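J.: Two chains, two frames, a set of hints: combine them into the complex.
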Amino acid sequence: MASLVTWTFGALAALGLSSVSGPSTANSFVASLSHKAEVYYPGSEKFINASTRWSAVITPSFYAIVRVASEEDVQETVRSDASCLSSCSSLP
Amino acid sequence: MKIRYANAHRKPFLAISGGHGTARTLSKVKHGIGILLHGLNNITIVDNGTAALMGGGVQTGDIIPYLWSQGKQTMTTACDCTGYLAPMLGGGHGWLQGRYGKATDQLISARLILANGTAIHVSGNENKDLFWGIRGAGVNFGIVTRVKVKIYDREPTQDHWTATSFIFTHEKMEAVFTIANEWLEASDRPAELAHYGIFAHNPDVDSVNVSNVALLRQSQLMTKAHCNLLGVLSGPVHSSAIR
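Going down the list, the protein sequences come from chains A and B. Residues 42 to 133 in our numbering are what the first sequence spells out, letter by letter. Residues 58 to 300 in our numbering are what the second sequence spells out, letter by letter.
Only chain B is shown next, with the shape it has when bound in the complex (with noise of 0.2 Å):
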C-alpha cells in the first residue's frame, strides 16, 4: 500500500502493510518517509458474526488462525507472511476464491486517510466513486488505515483439504497453463479449486530457464483427473500432494 504525496518538500510517503510487493514503481521511492502499519493490527468480529473490523497492518498469517478458531474464514491471500490489506486492495487472489470471489470483493467499507491527512469513510454509502476505486487500485488513492469485511461461517467440509504441487521445466509452462486455464474456466469446475502458478529459478531443476510450480488445491480429496492430466503432460519434475 502505498502513496505518493508530494508536500511542500517533494517527499514521497511509502505505506508498508507487509513488505511483499513487487511493483517496480516502489522502487522510485528514494529518500522518502516509510509508514509502517503493523501496529494497527487488530481483528474484531462484528455484525452479528458477518463480517469483522481489521486494522490497515494485520498480516494475512493473523487473520486466518484468528477467524478458523471462531469458525469463520474469510477470502485472503494465499500467503501467511504478506500483509493483508495491500494485496486485498489490488484484487487480491487467494485459495477461496472460487467460492467468495476476490479478497476485494470482500470489502464492506473503509477508512482512508487521503494525501492532505483527512480521514474519510468509504463505502457503498459513503465516498462511493472512492469506494470503486479503491477496490482494485486502493494502493493509489491514500493510505487504509481500517477495513469492514465478508466473513463467513467456516463449513465442516472444509476440515479437510487436499494440495498438490508439481515443477515443470520451462517448455512445459504453455501446457500447463492452458491445462489449468481449461480447468479454472469449465463449467462444472469444483469451486473449491485453485492454480497457484508460480515462475521461479531452481538451479537443480534448470540451471539457465525459469522452472514453474503448479501448486493445486481443494478442499476433501483432490480428483483423480485433477492429479492425472498433469501428469499426462509427462513432465514434472517433481510432484508431491499433501492432504
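Excised from the complex, chain A in its bound form (with noise of 0.2 Å):
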C-alpha cells in the first residue's frame, strides 16, 4: 500500500494536483467536469470499491476512474484530455 500511495501522490504532484479526488483539483480536464462528477486514484477507498468487480477473474487495470454525471462528462473523459490523467508521470 505505501507504493501505491507513494505512487499516487507522485502522479499528483506531476500534474500539479493538490487533493486525491474530487472537483477541487486545479487540474484542467477535472475543472471540464460537471460539479457532482468525481474522479478516483489508486489508493482511495472509492477506487477500490469503483474498480472491484464481481469476478475475480476479470482484472482490467486503471489509472483513475471517472465517476461520471452528465452526458458531458462522458464526453470530456472520452475526449483527449483525459490523457493527461493517464500520462501523467510523461508529462514534459
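Since the hints were made in silico from the structure, they are not lab data. Some hints could be false.
Claimed, not checked - Listed next, with one range per pair, are the computed distances between beta-carbon atoms:
hint, chain 1, residue 1, chain 2, residue 2, range
1, B, Thr226, A, Ser73, 52 to 60 Å
2, B, Glu212, A, Ser69, 48 to 56 Å
3, B, Gln127, A, Ser69, 37 to 45 Å
Stated by the list, open to error - Output of the computed footprint for chain B on chain A, the stretches with three or more beta carbons under 8 Å from beta carbons of chain B:
hint, segment
4, 92 to 99
5, 104 to 110
All values derive from a computational prediction rather than experimental measurement. Positions of the beta carbon are idealized from the N, C-alpha and C atoms, including for glycine.
T.: Here's what the structure looks like:
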C-alpha cells in the first residue's frame, strides 16, 4: 500500500494536483467536468470500490476512474483531455 | 459496457455500468481510464406509461421495484445487482423473456457517445445501422448514456410466481439441459417458464467437478410436470421451491 500511495502522490505532484479526488483540483480535465463528477485514484477507498468486479478472474486495471454525473462528463472523459490522467508521469 | 478508444496515448477506456461482465477481453484493459456510470441513474416513465427513460448507470435492482410500484414492468436480466445497460446491449436474458423477448428487444432509442466524444441519437429512424448494431453488440460502438425502453402494465396474475431450484452433479448436466431445452422449445410451453442454468463449484456437493444448479420459474404455480421431470432424473442433490 505504501508504494501505491507514493505513486499516487508522485503522479499528482506531476500534475500539480492538490487533492486525491473530487472537483476541487486545479487540473483542467477535472475542471471540465460537472460539479457532481468525481475522479478516483489508486489508493483511495472509492477507487477500490469502483474497480472491484464481481468476478475476481476479470482484471482490468486503471490509472483513474471517473465517476461521471452527466452525458457531458462522458464526452469530456472520452476526449483527449482525459489522456493527461493516464500519461501524467510522462508529461514534459 | 466498454469502449476502447485509442487516443493519442493509446489508453483504453472501460465504461462500468455494474462491474459484472466476465468477457475475458475486459482483462486486456491495462492502465486504462474507468468511466463509472452509476451517477446516471434516473428512471422516468414517459409516453403515457408505455416507455421509460433510463440513465446509463441504472441498476437492475433499481428498475424492477420502481416500475413495479408504478404498476409496470419491463424485461431486465435476472439479478438485482448487475447494471442494466451492459447486459441489455449484449442481448439480455431474464425471467420475463418468454413474454416480452430479450432485454435488447425493448430498446426504442439510445444516446450514444462515440469514441471521438460526439453524442448521437440512435433509433429506428436515426443512425439505423448503429441501432441495429448496438442491440447485441452495443458495448463495441460507444458508451450509452441514456435509453428509452418499452415498459408494460403489470398484470394481476403476475403477483404470484413460483421458483424451484435443483442442484445436480456434473454427470447429469446433459440430461438436465436436454429436458430444459425440450420444455422451452415446446409449442405449448408456458410463456412464463424460464430455465436458469448455473455452473458452480460447490465442494459440499462435489469436491472436484462443477455442479449444475437448475433454477426454474413460472408465474402462478409450477405445473407438476415441470417439477417431476427433473425428479425423474433421480439425482438432484438438493431441491427447493419458493412460492
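J.: Evaluate each hint against the coordinates.
T.: Structure-based check of each hint:
1. Thr226/B x Ser73/A: 52 to 60 Å: Since the Cβ atoms of Thr226/B and Ser73/A sit about 56 Å apart, the hinted range of 52 to 60 Å holds.
2. Glu212/B x Ser69/A: 48 to 56 Å: The hinted range 48 to 56 Å holds for Glu212/B and Ser69/A, with Cβ atoms some 53 Å apart.
3. Gln127/B x Ser69/A: 37 to 45 Å: Between Gln127/B and Ser69/A, where Cβ atoms are some 43 Å apart, the hint holds.
4. 92 to 99: holds (count 7)
5. 104 to 110: Held - the segment 104 to 110 of chain A has 7 residues with a Cβ nearer than 8 Å to chain B, which meets the minimum of three.
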